[in-house]
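Letter by letter, the chains look like this.
6 protein chains.
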Amino acid sequence: MTEDSFFHPVSGFDLPRFAGVPTFMRLPHVALDNPRLSEVQVGLIGAPWDGGTTNRPGPRHGPRQLRDYSTMIRAQNGVTGIRPFEMVRCADLGDVGPNPADVMDSLKRMESFYSKVRAAGIVPLTAGGDHLCTLPILRALAKDRPLGMIHFDSHTDLFHSYFGGTMYTHGTPFRRAIEEGLLDPARVTTIGIRGTAYDSEDRDFARAVGIRVIPIEEFHVRGVEDVMAEARDRAGAGDTYVSYDIDFVDPAFAPGTGTPEVGGPNSWQALQVAMGLRGVKIVGADLVEVSPPFDPSGGTAFLGVSIMFEMLCAIAEGLAGQEC
Amino acid sequence: MTEDSFFHPVSGFDLPRFAGVPTFMRLPHVALDNPRLSEVQVGLIGAPWDGGTTNRPGPRHGPRQLRDYSTMIRAQNGVTGIRPFEMVRCADLGDVGPNPADVMDSLKRMESFYSKVRAAGIVPLTAGGDHLCTLPILRALAKDRPLGMIHFDSHTDLFHSYFGGTMYTHGTPFRRAIEEGLLDPARVTTIGIRGTAYDSEDRDFARAVGIRVIPIEEFHVRGVEDVMAEARDRAGAGDTYVSYDIDFVDPAFAPGTGTPEVGGPNSWQALQVAMGLRGVKIVGADLVEVSPPFDPSGGTAFLGVSIMFEMLCAIAEGLAGQEC
Amino acid sequence: MTEDSFFHPVSGFDLPRFAGVPTFMRLPHVALDNPRLSEVQVGLIGAPWDGGTTNRPGPRHGPRQLRDYSTMIRAQNGVTGIRPFEMVRCADLGDVGPNPADVMDSLKRMESFYSKVRAAGIVPLTAGGDHLCTLPILRALAKDRPLGMIHFDSHTDLFHSYFGGTMYTHGTPFRRAIEEGLLDPARVTTIGIRGTAYDSEDRDFARAVGIRVIPIEEFHVRGVEDVMAEARDRAGAGDTYVSYDIDFVDPAFAPGTGTPEVGGPNSWQALQVAMGLRGVKIVGADLVEVSPPFDPSGGTAFLGVSIMFEMLCAIAEGLAGQEC
Amino acid sequence: MTEDSFFHPVSGFDLPRFAGVPTFMRLPHVALDNPRLSEVQVGLIGAPWDGGTTNRPGPRHGPRQLRDYSTMIRAQNGVTGIRPFEMVRCADLGDVGPNPADVMDSLKRMESFYSKVRAAGIVPLTAGGDHLCTLPILRALAKDRPLGMIHFDSHTDLFHSYFGGTMYTHGTPFRRAIEEGLLDPARVTTIGIRGTAYDSEDRDFARAVGIRVIPIEEFHVRGVEDVMAEARDRAGAGDTYVSYDIDFVDPAFAPGTGTPEVGGPNSWQALQVAMGLRGVKIVGADLVEVSPPFDPSGGTAFLGVSIMFEMLCAIAEGLAGQEC
Amino acid sequence: MTEDSFFHPVSGFDLPRFAGVPTFMRLPHVALDNPRLSEVQVGLIGAPWDGGTTNRPGPRHGPRQLRDYSTMIRAQNGVTGIRPFEMVRCADLGDVGPNPADVMDSLKRMESFYSKVRAAGIVPLTAGGDHLCTLPILRALAKDRPLGMIHFDSHTDLFHSYFGGTMYTHGTPFRRAIEEGLLDPARVTTIGIRGTAYDSEDRDFARAVGIRVIPIEEFHVRGVEDVMAEARDRAGAGDTYVSYDIDFVDPAFAPGTGTPEVGGPNSWQALQVAMGLRGVKIVGADLVEVSPPFDPSGGTAFLGVSIMFEMLCAIAEGLAGQEC
Amino acid sequence: MTEDSFFHPVSGFDLPRFAGVPTFMRLPHVALDNPRLSEVQVGLIGAPWDGGTTNRPGPRHGPRQLRDYSTMIRAQNGVTGIRPFEMVRCADLGDVGPNPADVMDSLKRMESFYSKVRAAGIVPLTAGGDHLCTLPILRALAKDRPLGMIHFDSHTDLFHSYFGGTMYTHGTPFRRAIEEGLLDPARVTTIGIRGTAYDSEDRDFARAVGIRVIPIEEFHVRGVEDVMAEARDRAGAGDTYVSYDIDFVDPAFAPGTGTPEVGGPNSWQALQVAMGLRGVKIVGADLVEVSPPFDPSGGTAFLGVSIMFEMLCAIAEGLAGQEC
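Chains as they are written, first to last, in this note's numbering: chain W, 3 to 326; chain E, 3 to 326; chain V, 3 to 326; chain C, 3 to 326; chain R, 3 to 326; chain D, 3 to 326.
Among the hints, erroneous ones may be present.
What the hints assert, rightly or not - Each pair of labels, with its calculated beta carbon distance range:
1. E:Gly238 <-> V:Ser202: 32 to 38 Å
2. C:Val223 <-> E:Arg38: 58 to 64 Å
3. D:Asp206 <-> W:Ser114: 30 to 36 Å
Unchecked claim - Subject to a maximum C-alpha distance of 30 Å in a straight line, what follows is the list of computed DSS-like cross-link-like pairs (lysine-lysine):
4. D:Lys110 <-> W:Lys110
5. C:Lys283 <-> C:Lys110
6. R:Lys110 <-> E:Lys110
7. V:Lys110 <-> V:Lys145
8. W:Lys145 <-> W:Lys110
9. V:Lys283 <-> V:Lys145
10. V:Lys283 <-> V:Lys110
11. W:Lys283 <-> W:Lys118
12. C:Lys110 <-> V:Lys110
As the list claims (entries may be wrong) - Where chain C lies over chain E, by a calculated footprint (3+ residues, C-beta under 8 Å):
13. 6 to 18
14. 99 to 107
In case anyone wonders, no lab produced these hints; they're calculated from the structure.
Virtual Cβ for every residue (Gly too), placed ideally from N, Cα, C.
Same shape as in the complex, but just chain W (with noise of 0.2 Å):
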C-alpha cells in the first residue's frame, strides 16, 4: 500500500480536472535525476517521435495531448474497483528527448533512457510515438532474455524494410526484435490484423518463426474473452511485454492516428483486451501511434489514456501480488 501521498495523483475534487500543469494522471513528475526516482515502481514515460513514420506524421505530439487528457482519469478502476495508484508508486519520468531529423540517433537516446529505468528497477509505460520506438524499448528491457508479446494493432509491423531498403521505421520493429532475440516468438500474439496489404511477406515471417497472429475476422467471430485467454496462455509465466497501437481500435472511435484502417474494435473491446492482461508478468507496456494532428478533439487521446490505466491497473495488480 502507498501511504505516501507524494505519489498520489491529485484529485478533481480538490483541484479541477483542467487546471494545473498536466503530466501523466496527475502524478508528480519525477525526472531521471530526481533523488526519489528510486522509489517509483512503475514510470509513465513519453517518447514524442515518429521519425519511423511512413505514412502519416504526428504521433511525436502524443504524449503532449495525453498527458492533457490523462488529467480526466481518476483514481479507481470502474469495473474492479482497484485503486492502483495506493497499490504500486507511480511517476510521471518525463519524455524521452529524440533527435526529430536522425532515426538512428533517436534509437540511441532512447535505447540508453530506457536502460536507467530499467536499471532503476522501473516498469515503464510508454506513451508514444510511433511504433518503432518500442524497438529501442525492447532492446533495453530484453537485453537478457527474450520477451513473450502480446500486441494489439491492425498491422503486424513484422515487414523486412521500405523503399528500397530502410530497415528502421514503424512497420518493421518486430522484424528486428526477432532479429535481435528480443522476443520469443512462440510467446508473441499479434491481435487485430486487417485492412489492405502490399503482400503477405509479413505474414509469412510470422508463420516461419511461429508468431501467432490473430486477424480481426477471427477476432469478431471468437470474441475478446477467447482471444486474450490463447494470448495468456501463450504469454505463460515469464517476462511479458505489452504493445498496443492505437490503431488496433476502429478509427470511429481513434482517428487520431495515421494509418487507420477500418473495421476495427469499438471502444469497449478496446478496454476489455486491456482488461485481460490481467495475470500476465508485465515488465512493460505502451500505447503508441497516438498522433494529434489527425484528432484534435482529444477523444483518440483520451481513449488512449483510459486503456493506459487499464494497463496499469494490470500492472499494479502484478506487483502488489508480487509484493505480497
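Got chain W sorted already, so can you dock chains E, V, C, R and D onto it with the hints?
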C-alpha cells in the same frame, strides 16, 4: 388525433429542412404568455445553462444546436410508424432564462419556469443544459409526491459535494433530489455507469437508499431488452421521470459532451433504450449535457434529437392512450 | 492475370502513399479518349455532382476526397488475400463533367459518359456524387434489359417527388428507375432503411411493385450473413447493379454525408456486406453521398474507398471467373 | 422613434445571448401572413439557397448560421451610438422557401416573396444564399425603374454564361439585371475585384455599359473613404440597392465562403465600407455567400451579421430622416 | 544577470519544443510551497476559471493551452535581442485552484493565492481565465494604494451589473475595482473599445470618474505609437497593472475567445502595443479570455503567449533596471 | 505564344473546378519519362517531404493539398491581365519520391530529380515539403555557379546545426548552401524575419558573409515596394532562385504551417512581394512549409497556390521576354 395544423411541424417537402427559423422539430414557438399555451400537451423546452459543470463547460449552447439539428427530424417514427405530432399537441416553449453567473439564482428561475409548465398541464421534454438542470425540474414536477426515474448516464450524479463543500454541481443533482424527497429510490434505475471514479461514495449511497445501479459491464452482458424490462418493472405504474445524459452513449457516437467515458453503448442501443420506455408513465423527460463546443460538426446534437424524438413518441403514446 | 505493369497501382514501398498525383487507388488515369481505354476492364469514375440534394450539399466534392484517401489502399485484400489489380485491368477514367447549375443537363451528360463506358465493355465503379447520379448510370447500363440491384442505404430513395412536383432529386432515383423499366423489382433488395420518415409513400410503393426492403431493426436482428444471402438469392444469376449510399453506415463511422441517420451498421458490417457480394454478377457499382465538407478529417472517405475496394474485389473475382 | 417594445430585440442583460430561439438580431419573427407585417419598416429575410453556385456549395445554410451569430449583436452602434431598433420597426420575416433541386422554380419563388415584401412597403435586408439570389430580389424591387447599386465583391458577377450556355449562376446575376433593365449602369459601382480570371469578358462588358469597377489594387491605394465617396456620388440621390458578397473581405477574416480570393480588405475596412453607405437612399440590401460548411467556427457569420448591422444602421438613419 | 540555470527554460536545441511536460515557456514549475519560491522574481500563473462569463464559456481551459503553445517561445526577443530569462528569475507557479461552481468562493481563492505571491515579492504574469479574474488579482496587489492600469480590450468591462443585479461577471471587474479603490481612474487607459453595445452606461461611468477610453476608430487613426505614448503618460511613474484581453485583437487573429468583436488590431499591432509598455512600472500583468474550445487549432493561444513574452520582456527590463 | 492546347489548363467553364484528377493548376501531368517533357518550359513539382522538420511535421502532405486548391486558380492574372499558360509551356511533373525515414537518402533522391529537370531545360516551380527541400534543389540548379536568392521567411534558416550536431534540418539549408558555394551571399536577401530566437548565431553568420536580412519591423516601416526594390537590386541581372516559406505570412492568413510566427505580412502583401519579382531572372522557385494537418480548411494552401501563380507569372514574363 391532433387535426389543428397549427401544431404540425413544417414538412421538409414544403420547406427544405435547412430553411426557416429553427424551433424544436419545426414546431410552433409558444411562449409561456402565448394564449395557445393551454392547448399544448407536450412542451419542448431549452435549458441553456451549465453553471453546475465541474469539468468542461458548453451545455449552455446545447439547446440552440439541438434546435438546429432537430429540423432534420421528420414526422413519423421509422420503426413503429407512429406520428407523434398528430397524436398530441406539441410546441416549442422556448428557453428558460438562466443567470450564467449565479447558480442559485438559475436554480430558482428554472423551478419557477417549470412550475408554470406543470400548472398548464404540459409534459416537459427538456433539452439541457448540464445535469444540474434536472434538479429544479424535479422540484417543480415532484412537489407533491416522489417520482420514479429511469436514468441513462455514465455517471451516477449521486455525489454529496465537490471542491470542499459545494452542494450544487452536475455531479450531485440526484443526491439532492433524494434528500429532498423528489425521487422514490425504490423506483429509480440508473443505467450505463462506467469510467474511472474518485471513490465509491456515490455507489455506497445508492446501495444504502435502494437505487438500482446497472453498470456498463452488466449492460453489455444482459443487453438492452433485459435491462429495460427491469427498469420498467421498477418504475411501475406510477409517475416517472426520464433523465438521459448524452454521455451515456459512447463518445465515438456522442463526442460533444464535457465528461465523456469510453466503452459505452452505440447509437442503435442509444435509441433502443428510449424505445424501451414505451409503457412507462412519463411525466417529464430530459436530454442533457450536449456540449456543442466539443462537437461543432453536430453529430452529437443529431443523435440527441433522435433520442428526444424516441422519448417524445413514448410520451405521445402514453398521453394518447390516456385519452382513450 | 494482368501482367502489364501499366495497370498496376504504384506501391507505397516505391513511392510513399502521400506522394504523387492522386488517382483512384493509384491506378493509371485513362481518359475516354485514351487509346488504352479498350484494354480497361473495370473503370473507376468520379461523378462530382450534387444537384439532386434536398438537404445538405457537398457530394460534388466526394470524388476528389475519395481519390485522395484511396491512395492509402494497398494491393491485396486483407481477408481473402486476392490481388484484384493483378486479376483484371483497372484504371481511373476521370470524372464525368457535370453542370452544377442545371440538373437535367447533368443527367444527360452522365448518361452519355456511361454509355461510352459501357460501349467500351468496361464495368464502371463510380464514386459519387449524390444518389441521383445512379439514375443516369442505370439509364446507360440497363438500356436493353432491367437489372437486379442490391442497395445499401438508410433511405429507400423511392419517393415520387419533392417540393411540389420536382421529380429528380436524390430521394427519387429508384422510383424513376422502376418507372423507366431499368430495374426488375423482384430482383431488388434495399438494406438498412431507418430514421424518421415523412410518410410511408415510398415503402408502400416498394411493397406494391415487389421491392424487398430490409429495415435496420431487421438487419440488427438477423445479421449480415443472413441478410446478404437473401439479397444474393433475389439478385440471382442475372446482371445486377450495386448501389452503396455511405449513409447506410452509422454516422459515427461516416459523418461526412448530408442526410445521416443514427443507429446504423458499424464499419466492420459495412465491409462485410460488401464482402457478401461475392458471386453476384455485378455490371456496375457505386459508392455515393460522401460529402467532404461534413468530414474534412477524411474518415468517411477512407471508409468509402475501403468499401469500394471490397466491391472491386467482388467484381474482379467475377470477371476473372468469366475469363476462365 | 419606435416605442413599441414588440419590435425591440431581447436584451442580453435580460436573457443571455446564447439563449432563446434564434431570430435575426433577436427581433420578433413576423411571417408574411402575420397581421403586424404592415407595421414593419425593415425586414430581415433569409434566402437559404445556393442553386447558382458553380464551385463549392453551402450558402443555403447561411441564413441559419447568420441568425445564430446575430444573437451576439447588441442594440447600439459602437461608433455612432445610434440605436436602429428604436429608430425603425424591424422584424425577422423568416426565410424564402427555395426549391433546392430547381433553379428556375427558386427564382420565381424568391421574386414572388420579395414582391410581397415590397408591396408591404418594407425595405428588405437579406441574408443569402448565393449571389444569384440578388437577381429575383432586383426583379421585385426594380420593376418600375432601374436602381443604382453599390456592390462589394471580389468578382464582378457580370459573366454572360457558364458551362456551355447556362445563364443563371452566381457569376451572372448582374449581367442579367443589366439586360433586364433592373440596374442603371451609370449608377452602379463594383468594389474589390481581384483574383485570377477566366478572361476579361466581364470587365469588357462593364466598360461597355458604363459600370464602374474598382479593383482591389486601386482600393488598397485610395483607401475606403475615397472609394466610398465615388460610389455614393455615382449612386446619387436615387433609389439604390446594396449588394455585399462576403468574399469581398479577405478569406482570413471570412473563410466561410465558396469562392474566396486572397488579398482582400480586412475586417475594419469591411465595416468601414458599410459605414460609408450613410446618406445613400437604400431600398434594399443583402449580405450573400456566407457558406457555413467552410467555417463551422462561425467567425465568417459573425463578421457577416456585424456588416448587416452597419447596413441596417444606414438604412435606419435614411428612413428616420425621411420621416422627419 | 541570472546565472542559475535552474531558472533557464529548456532549449529547443536540447529538447525539441514538442517534448516534455509543458510548463509556461518551459520554465521550472515552482509551487507556492517550493523552497525556491523566494528566489523567483516573475511568476507565470494560470487562472483556469470562467465563472464570470456571460456568453460563451471556455477560458477555464486557457492556461493549459497557453502552456502548451508557450513551449514554442524561445529565449530571445526578435526585435530588441534581450533575453529576459537571463535578466530575471522566472518560474511557472502553477494554477490557482478555482471552484468552477461557485463564483464568490473562486474570487476568495484567487485573492488568497495572489496575496501569497505578492508577499513573496513576485511580479505575477497571469494567463486567464475570464476577465473577472483580474479583480481578485487587483485586490491582492492594490491593497495599500490604487494602481494605474493600461487595459487592452474590445469591451470596457465597466458595467454595473448583469441579469438583474449580478455584480460579479467578466463585464464588471473594473467597475468593482474603481468602487473598491483598487485603481486610480486618472491613471487608467482603456484601448481598443468597439462592437455593438447594450447602452452607454459603461462609457458614461468612465467619463464620470476620469478613465480614458480610446475607441478603435481613434486607435486606427492615431496608430500604436501615439496611443501608447498617451497611455504611458497617464500611467506615469507609479505602480501600474497591465490587463490584456485577447479580444482586443481582431478575431481573424484571435478567434479563440468568447465575445469577439470584429474590426480590431492585427497581430503586429497586438505585439506593438505590448512592446509599447517599455518604461511602465509594471507590478503585475495578465492575458485573459483565451478560450480553447473556440480555437482548437491553437493560433489564439500562440498569439497569446507571444504577447505574454513581450509583456515579460517589459517587466524584465523594468526589474533589471531597478536592480542597477 | 503557346498555341498547343495540350499545355493549357482545363477551364472551369468547361469542367467545374472541383472536378477532375487534381494536377497543379489543372495542367497536364508530364512525368520525367514522358516524351513531351522536352517541350516543357516551366515544371510544377511536388516535394512531399518533411524529414528536416524540427518541430511540427506535416509538409509532406503539402503538395497534395496545394494541387487540390490549385484547381481554383484560373488562367489570367487579375492585376496585370497576363495569361502565363499561353506565354510558356507549363506542366505538372509529378512528385519527387522521398524516403520518409531517411533524410540523407531523400536529399539524394531530390537532387537527382532536379538534375534531370535542369538537364531538360525546365525551370522548376516547387511545392514543398519543408525548407530543407531547397538544399537539394540548389545543389542541382547551382552546380556550376552560385545563384542569387530572394528569400521570404520568418526564419533565416541559417543555423549551423541542431540537437547536438545534426547538420540537415529545415533550419539549416541556407547555411549549407553558402558553405557549398551554391549561393552568392552578396546577392541574397532574406525578408520578413521575426519571432523569438534561440540566439543570434544565424544573424551573426548572415552579417559575416554578407547576406542582407530585412527583419519584419523594417519591412513594416518601409513597405513592400521599397523592400523589393532593394532585393531586386541585390539580385541583379544574374540567375536567381526564389524561396518562399509560407510562414513569411502572418499565421492568421496562413495557419497551416509548423513554425508560425505572429506579426507578419497580410495576404495582400504576400502577393505583392511576389508581384515584385518581375524583372528578376528566376531559374527556379519554391513555396514551402505548407502543412495541411494544421489547416485542413485549406486556406493556407489556397494562399500558397495564389502566391505560386504570381511567381509563375514572373517566371513566364521572364521566359517570354528572353524568347523575343
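These are the hints, each one checked on the structure:
{"no.": "1", "hint": "E:Gly238 <-> V:Ser202: 32 to 38 Å", "in the structure": "35 Å, holds"}
{"no.": "2", "hint": "C:Val223 <-> E:Arg38: 58 to 64 Å", "in the structure": "60 Å, holds"}
{"no.": "3", "hint": "D:Asp206 <-> W:Ser114: 30 to 36 Å", "in the structure": "33 Å, holds"}
{"no.": "4", "hint": "D:Lys110 <-> W:Lys110", "in the structure": "25 Å, holds"}
{"no.": "5", "hint": "C:Lys283 <-> C:Lys110", "in the structure": "27 Å, holds"}
{"no.": "6", "hint": "R:Lys110 <-> E:Lys110", "in the structure": "25 Å, holds"}
{"no.": "7", "hint": "V:Lys110 <-> V:Lys145", "in the structure": "14 Å, holds"}
{"no.": "8", "hint": "W:Lys145 <-> W:Lys110", "in the structure": "14 Å, holds"}
{"no.": "9", "hint": "V:Lys283 <-> V:Lys145", "in the structure": "17 Å, holds"}
{"no.": "10", "hint": "V:Lys283 <-> V:Lys110", "in the structure": "27 Å, holds"}
{"no.": "11", "hint": "W:Lys283 <-> W:Lys118", "in the structure": "21 Å, holds"}
{"no.": "12", "hint": "C:Lys110 <-> V:Lys110", "in the structure": "25 Å, holds"}
{"no.": "13", "hint": "6 to 18", "in the structure": "holds (count 3)"}
{"no.": "14", "hint": "99 to 107", "in the structure": "holds (count 3)"}
Of the numbered hints given earlier, the model fails none.
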